[in-house]
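K.L.:
Spelled out from the first residue to the last, the chains are:
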Amino acid sequence: MSYPADIKIIQVPCTGRVDIIHLLNALADGADGVYVAGCLEGECHYLEGNYKARRKVEYVKKTLKELGIEPERVAMYNLSSAQGARFAEIANEMVQQITDLGPTPVR
Amino acid sequence: MIVADRKSLDEILGMVADKDKILVLGCKGCVTVCNVGGLKETEVLAASMKIARKKAGRPVDIDTRVLERQCDTEYVSQLADHVADYQAVVSMACGVGPQFLSEMYPDQVFFPAVNTTFFGGAVQHGVWEERCAGCGTCGIHLFGGLCPVARCAKSLLHGPCGGSSNGICEVHKDTVCIWDAIVTKKMETGHLDDLVGVKPFKDWRTARDGGPRRSIREELVKGNI
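As they're listed, the protein sequences go chains A and B.
Residues in the first sequence are numbered from 1 upward in steps of one, following the numbering used here.
Residues in the second sequence are numbered from 1 upward in steps of one, following the numbering used here.
Since the hints were derived computationally from the structure, they do not count as laboratory data.
Each residue gets a CB set at the ideal place from its N, CA and C atoms; glycine is no exception.
There could be a bad hint or two in this list.
As the list claims (entries may be wrong) - Straight line, CA to CA, 25 angstroms or less: simulated DSS-like cross-link-like pairs of lysine-lysine:
{"hint": "1", "chain 1": "A", "residue 1": "LYS61", "chain 2": "B", "residue 2": "LYS55"}
{"hint": "2", "chain 1": "A", "residue 1": "LYS52", "chain 2": "B", "residue 2": "LYS40"}
{"hint": "3", "chain 1": "A", "residue 1": "LYS62", "chain 2": "B", "residue 2": "LYS55"}
{"hint": "4", "chain 1": "B", "residue 1": "LYS40", "chain 2": "B", "residue 2": "LYS21"}
{"hint": "5", "chain 1": "B", "residue 1": "LYS55", "chain 2": "A", "residue 2": "LYS65"}
{"hint": "6", "chain 1": "A", "residue 1": "LYS61", "chain 2": "B", "residue 2": "LYS54"}
To be verified - Chain B regions said to be covered by chain A (calculated; three or more residues, Cβ under 8 angstroms):
{"hint": "7", "stretch": "4-18"}
{"hint": "8", "stretch": "37-47"}
{"hint": "9", "stretch": "51-61"}
What the hints assert, rightly or not - Among the chain A residues that face chain B by a calculated CB cut under 10 angstroms, a handful are:
{"hint": "10", "residue": "ILE21"}
{"hint": "11", "residue": "LEU23"}
{"hint": "12", "residue": "ASN25"}
{"hint": "13", "residue": "ALA28"}
{"hint": "14", "residue": "ASP29"}
{"hint": "15", "residue": "GLY30"}
{"hint": "16", "residue": "TYR59"}
{"hint": "17", "residue": "LEU64"}
{"hint": "18", "residue": "LEU67"}
{"hint": "19", "residue": "THR104"}
Here chain A stands alone, though its shape is the one from the complex (with noise of 0.2 angstroms):
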């Protein structure tokens, strides 16, 4: 089981902890894409942190598409601690989502 190299891993407490700033940040200083790896709906430790990061991922989506940038460099993604596999898939998936969409414009 391995995932790209790609990839800089940002640890957080929880995904709630993710806020705007914090992708559009990464994205204006050049990353092609970020996206957040967050526990399955419904089973947030804190209750609701994935879900309030699923709808600031959808924020920054949002302005992405006003300012003429493809949507899809960020994503939001739900998995369990316990599915190793299912990372390294997800790391694989949204690299080849990126590389199909090339280099950011944004340099």
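Place chain B on chain A using the hints.
P.N.:
Chain B only, in chain A's frame:
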């Protein structure tokens, strides 16, 4: 509070298209409470503008700052040492902010990032409604606590018009006919007679009809009390 909506990114970017060093200036007053121009929104706007300008191949240098309020000269004056460092300032305060800023710093250009809409409150998270029109002669108590000046499309003071249908205003399907609500409340509380009496005319000179308004509190003008 004063409620506002943010302008589109396109409009804001267009206003400062030829500027390369910008300050995005938030306000901790009403626009923070209605989630349009506080610390968070200021940073989000700055990041969005940076993304857009980098994409366009013309990166822009943007700083952010949030004043306690943009409608008090004592806070606006805190900008004195830095205001000249920028080619433009984008204010996220209500319409009062860019004017107080322009008056204090005539050499700088201040652009409004929000459209100021009304005096109101949040009826649910993310939804604000108008409740006050600032007419200057409050008579809410005469109408069961519901203001027809702000909430009737015609600001009628003596009952509903013919456009009231099943409690809804003809102007918009989401707008309650406030006169229907007033009459219903008066009937339910047994005070319908309150609406029968002839009310004295309303003095509209205290509203916008009398021109720009000024409020002077002599005791405060003289000094702290």
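K.L.:
It remains to establish, for every hint, whether it holds in the given structure.
P.N.:
These are the hints, each one checked on the structure:
no.: 1; hint: A:LYS61 with B:LYS55; result: 16 angstroms, holds
no.: 2; hint: A:LYS52 with B:LYS40; result: 16 angstroms, holds
no.: 3; hint: A:LYS62 with B:LYS55; result: 16 angstroms, holds
no.: 4; hint: B:LYS40 with B:LYS21; result: 20 angstroms, holds
no.: 5; hint: B:LYS55 with A:LYS65; result: 13 angstroms, holds
no.: 6; hint: A:LYS61 with B:LYS54; result: 18 angstroms, holds
no.: 7; hint: 4-18; result: holds (count 3)
no.: 8; hint: 37-47; result: holds (count 4)
no.: 9; hint: 51-61; result: holds (count 4)
no.: 10; hint: ILE21; result: 5 angstroms, holds
no.: 11; hint: LEU23; result: 9 angstroms, holds
no.: 12; hint: ASN25; result: 5 angstroms, holds
no.: 13; hint: ALA28; result: 5 angstroms, holds
no.: 14; hint: ASP29; result: 9 angstroms, holds
no.: 15; hint: GLY30; result: 8 angstroms, holds
no.: 16; hint: TYR59; result: 9 angstroms, holds
no.: 17; hint: LEU64; result: 8 angstroms, holds
no.: 18; hint: LEU67; result: 5 angstroms, holds
no.: 19; hint: THR104; result: 8 angstroms, holds
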